[in-house]
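There are 2 protein chains.
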Amino acid sequence: MKKGEVTRQRIIEVSAPIFNQRGFAGCSMQDLMEATGLEKGGLYRHFESKEELAVEAFKYALKLTIDARISSAQEVESSAGAIGKLRRMVERFVKVPSPIAGGCPLMNTAVDADDGNPKLRSLARDGVRVWKAKICKIVEDGVAAREIKKGTDPRRIANAIVATLEGSLMISRLEGNREAMANAQETLETMLQALAR
Amino acid sequence: MKKGEVTRQRIIEVSAPIFNQRGFAGCSMQDLMEATGLEKGGLYRHFESKEELAVEAFKYALKLTIDARISSAQEVESSAGAIGKLRRMVERFVKVPSPIAGGCPLMNTAVDADDGNPKLRSLARDGVRVWKAKICKIVEDGVAAREIKKGTDPRRIANAIVATLEGSLMISRLEGNREAMANAQETLETMLQALAR
Chain A
1 MKKGEVTRQR
11 IIEVSAPIFN
21 QRGFAGCSMQ
31 DLMEATGLEK
41 GGLYRHFESK
51 EELAVEAFKY
61 ALKLTIDARI
71 SSAQEVESSA
81 GAIGKLRRMV
91 ERFVKVPSPI
101 AGGCPLMNTA
111 VDADDGNPKL
121 RSLARDGVRV
131 WKAKICKIVE
141 DGVAAREIKK
151 GTDPRRIANA
161 IVATLEGSLM
171 ISRLEGNREA
181 MANAQETLET
191 MLQALAR
Chain B
1 MKKGEVTRQR
11 IIEVSAPIFN
21 QRGFAGCSMQ
31 DLMEATGLEK
41 GGLYRHFESK
51 EELAVEAFKY
61 ALKLTIDARI
71 SSAQEVESSA
81 GAIGKLRRMV
91 ERFVKVPSPI
101 AGGCPLMNTA
111 VDADDGNPKL
121 RSLARDGVRV
131 WKAKICKIVE
141 DGVAAREIKK
151 GTDPRRIANA
161 IVATLEGSLM
171 ISRLEGNREA
181 MANAQETLET
191 MLQALAR
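Residue numbers (the working numbering), protein chains in the order written: chain A, 1 to 197; chain B, 1 to 197.
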């Protein structure tokens, strides 16, 4: 990697948790200058605008998050059966904190950008789509393998898992304790058991 | 109401959807001046700071929301039985749009303020507490009336309902359709039916 690329990557990595905690509008160029130790000109040498940096920072945060939750989650892949895989995915979300300060970047950006920045909104939508598609695939495989009841709607299960986990994280962060996350795991475990054929 | 009070209340009502859509940091004094048609001095005559106005605007948005969902929800109160009341509460959330532009003020402020403004964060926490307490009370009444299974944890049910609804609203707003909300209603209906003694 060239020096310029190293600097660019460092700016992205340092900016990601700041955007994740403060939102796009809540994060000023001044904040980014302080965090990176660069002057405004230094930042603009690598990024055309605050928006371009925010987009790259969110892509980086999203990749870390998706990796932590699903992609490189060998634990999930190696779990036996579809219900076992979904159970492990839920467990990972509940037990493993967000890989980036400020909570789930998906939820933060979804809420921050739903009335705002269309590029960030579109990236957040992609993130939810990838996560839900992974769950749908596991459910479909489970139905094909006769482990999960025929007629189970994979999208309903995907929506239930994502909504329960993200909503519970919101409550947990607000209340400052893990009760809502622990409850989410119990609630989803009951749902998963009811999927079994 | 005196003229000053009328103006103050009008500023709150006009500002509430702007804060709800853009967040605290994303809403500038300029935005508020344009929306209210007042000069900066006019706004500061009624509110000491942007924070004071944001707090009053959020209190107003929260009251509208809580009223729409639980307090004045005579439909909920008049539904027969605990499970009927909870079912109606879920249905109202799914069918009745947020009374204020920009989605659920509770979720918006929870996510906006979790790393940010402590006053707004504390108000959001109160809002979740009131909503969950209402659900807990209904579950406890249901257990006492032998309608709901003994040993049911009211807080787990409250967390499941609030998390599923809020998380589904996040997904629905991101995807621009109602599928996740409709799925939330089905998922919660299954959970409610399983509570019956």
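Calculated from the structure, these hints are not laboratory results. Treat the hints with caution; some may be incorrect.
Chain copies aren't distinguished; within one or between two, either way the pair holds.
Simulated crosslink set (BS3-like; lysine-lysine; CA at most 30 Å straight-line) [what the hints assert, rightly or not]:
| hint | residue 1 | residue 2 |
| --- | --- | --- |
| 1 | Lys132 | Lys95 |
| 2 | Lys63 | Lys150 |
| 3 | Lys2 | Lys137 |
| 4 | Lys2 | Lys119 |
Model, not experiment: these values are computed from the prediction.
Hint by hint, here is what the structure shows:
1. Lys132 / Lys95: Both. Shortest intra-copy (20 Å) and inter-copy (23 Å) distances satisfy the 30 Å Cα cut-off.
2. Lys63 / Lys150: Result: close neither inside a copy nor across copies, 33 Å intra and 44 Å inter.
3. Lys2 / Lys137: Cα proximity of Lys2 and Lys137: none, with 39 Å in one copy and 62 Å across.
4. Lys2 / Lys119: Classified as within; 28 Å inside a copy, 46 Å across copies.
Against the hints set out earlier in the document, violations occur for numbers 2, 3.
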